[in-house]
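*Asks:* In order, the protein sequence lines correspond to chains A and B.
With the numbering used here, the residue at position 114 of the first sequence is 114, and numbering never jumps.
With the numbering used here, the residue at position 331 of the second sequence is 331, and numbering never jumps.
Some hints here could point you the wrong way.
[As the list claims (entries may be wrong)] Straight-line Cα separation of at most 25 Å, SDA-like style, residue types lysine to any residue; simulated pairs:
{"id": "1", "chain 1": "B", "residue 1": "186", "chain 2": "A", "residue 2": "1"}
{"id": "2", "chain 1": "B", "residue 1": "323", "chain 2": "B", "residue 2": "202"}
{"id": "3", "chain 1": "B", "residue 1": "204", "chain 2": "B", "residue 2": "135"}
{"id": "4", "chain 1": "B", "residue 1": "186", "chain 2": "B", "residue 2": "163"}
{"id": "5", "chain 1": "B", "residue 1": "142", "chain 2": "A", "residue 2": "115"}
{"id": "6", "chain 1": "B", "residue 1": "430", "chain 2": "B", "residue 2": "466"}
{"id": "7", "chain 1": "A", "residue 1": "2", "chain 2": "B", "residue 2": "157"}
{"id": "8", "chain 1": "B", "residue 1": "161", "chain 2": "A", "residue 2": "59"}
{"id": "9", "chain 1": "A", "residue 1": "64", "chain 2": "A", "residue 2": "115"}
{"id": "10", "chain 1": "A", "residue 1": "133", "chain 2": "B", "residue 2": "47"}
{"id": "11", "chain 1": "A", "residue 1": "2", "chain 2": "B", "residue 2": "142"}
{"id": "12", "chain 1": "B", "residue 1": "161", "chain 2": "A", "residue 2": "58"}
{"id": "13", "chain 1": "B", "residue 1": "136", "chain 2": "A", "residue 2": "116"}
{"id": "14", "chain 1": "A", "residue 1": "108", "chain 2": "B", "residue 2": "138"}
{"id": "15", "chain 1": "A", "residue 1": "4", "chain 2": "B", "residue 2": "152"}
FYI, nobody ran anything at the bench for these hints, they're computed from the structure.
No experiment lies behind these values; they were computed from the predicted model shown.
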Amino acid sequence: MKPKRIIILGCGNILFGDDGFGPEVVQYLKENFEIPEDVDVIDAGTGVRNILFDLVLNPFKPDKVIIIDAVDIGRTPGEVFEIDISSIPSVKIDDFSMHQVPTSNLLKELKEICGVDVKVICVQVQYIPEEVKPGLSEVVKKAIPIACQRIMEELKIL
Amino acid sequence: MGERIVIQPVSRIEGHAKITIQLDDAGNVQDTWVNVIELRGFEKFCIGRPVEELPRIVTSICGVCPWSHHLASAKANDAVFGVQIPPAAKKLRELCNSIAYCEEHILHFYFLAGADFVMGPDADYSVRNVIGIAQKFPDIGKRVVRCRWLGAQMLEIVSGKSIHPVTAVPGGFSKPLTKEEVEQLKPMAQEVLDFAKFSIDYAKKNIFPQYLDTVKTLGVITTGFLGTVREDGTWDVYDGKLRMMNPDGSYVDFKYEEYTDYIAEHVEPWTYLKFPYMKKAEKIVMDIDNPVGVYRTNTLARINVCDKMPTPLAQAELEEFRKNFGRPAQLTLLYHWARLIELLANAEYVVQLLNDPEITSTDIRVPVKPRAARGVGCVEAPRGTLIHDYETDENGIVTNVNLIVGTTHNNAAINMSVKKAAKELIKGGKYDEGILNRLEMAIRAYDPCLSCATHKLDGSIPVKVTIIGPNSEIVGTLQNF
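The task is simple: from the sequences and hints, build the whole structure.
*Replies:* Shown next, in the form of structure tokens:
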């Protein structure tokens, strides 16, 4: 039940345009970079809550969790940046089901209560379609190697 | 008389469950609407693809229950290709299905439903803290983690992957199980079974008695039920026939491919999600006092429609449940009790399959040839009956897809339960923050798939309640984001 020292989670639904950024980054990372032995690189898809739940409850914790995600917060499309988890307000439970438990809450618990170093690396989306339509926009595609560089820098920081 | 308001469907990006409550002149609840988000455009996306790609594509629909979609799609493929899969392939698929069920039901009971019981329905509704619950019950927290980890390990051994399943293929299963792997799996399965036994005993002693009053009143409605049973009426979550039961306990059985003869879909202007109803009723009426055509799926439905359970401990639990609550049981919160019976049945079934010598057979796949056909594949996802309906041309390319997911079946019932709860909670225009909690509890029992389609970090799905007065003015909003 012991997780690896560093866990990288690519989050997103590849069916919805730029929302698929996280899984694409994970794919690119595995194909183009040397991943150290003690690092787990996971395409979490839309199942990140399940993984985080188990991490929060597991008596054994990783040292670091890196989340890769796509967000829409009004920055320049294609921009890669880090979100400070502590700055995300605690959202009251909208937890009708495992489909809704706030990811942000789980990440905060991991960081603030469990002492895990949590990094959230995001890209500002250009467009997330309302209907199923896979495929990243050009600017977000270009952000993939940039995000990978950010991740590799995180791996060097111990 | 309050005005009727036309509500635009919630856009997907908005990302929340929206409850709208219409008050009449006296400040009492006249009507409610629950908007849930639908995975729009998926069917269109599949058209033009080779049908054998679908079992892998559909796992992206839902990160919480990927195995359900994977297996329903594989079964639809088998039907489209017109093949019977070898018995060992069926057992391997069932093994994966039941392991996934155990993982899911354990987590759901202890950390979603369970928190309601642990905190109580009137608890100060602050941010739910997973660690907090685990700290209150440390030993249980440890066992939950352990059993989920065991489940993930078992799925990896059987299918090579626990996330994004790929091993169910048209015609069977792509990876046989070796004797060594079976020996590895047996003690793991036993440990999960022990926890399943513990869970239902613990719940019956320490949890259910305390909140039975809430069970009896919150959001209670009277509906029919839909679930899967084997030919002989035994509960089954992988394969069988569909049984549609009326509130009076009478029922009709039908094959998967006949579902459009028994299930019709109603459309409302204020939501993209449809309202399936019993076709023989000829209409759907979501009147909580006199419902017509409404049915529910999910754990309680499956427990209601079946004649018996396939395994001895679960069978004993079913008998006790029926003695207490009758058949069909209607109380919405009994979903949680039913969930524990199912957990036990799935855990017992995993042990049973591992002790079946056929599970290591290498005859697990038959060849398939494309043809123009229609095929319906159906499984019971934890949340309800999951239907994948595919049509292909002579090259095996998809020409049409229809999906009905578990939550869609419950759409009418969710709306009715919320309306009932709202009517009880808002009288004479008076309400407080606490109603949000109770409305959520009414919805939570169904464990709906409100948004399989997105996981967004900052878009965790909140609920917004808008209360509208008799002159269409917004008298209040409550939201938890």
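*Asks:* Which of the listed hints are broken here?
*Replies:* none
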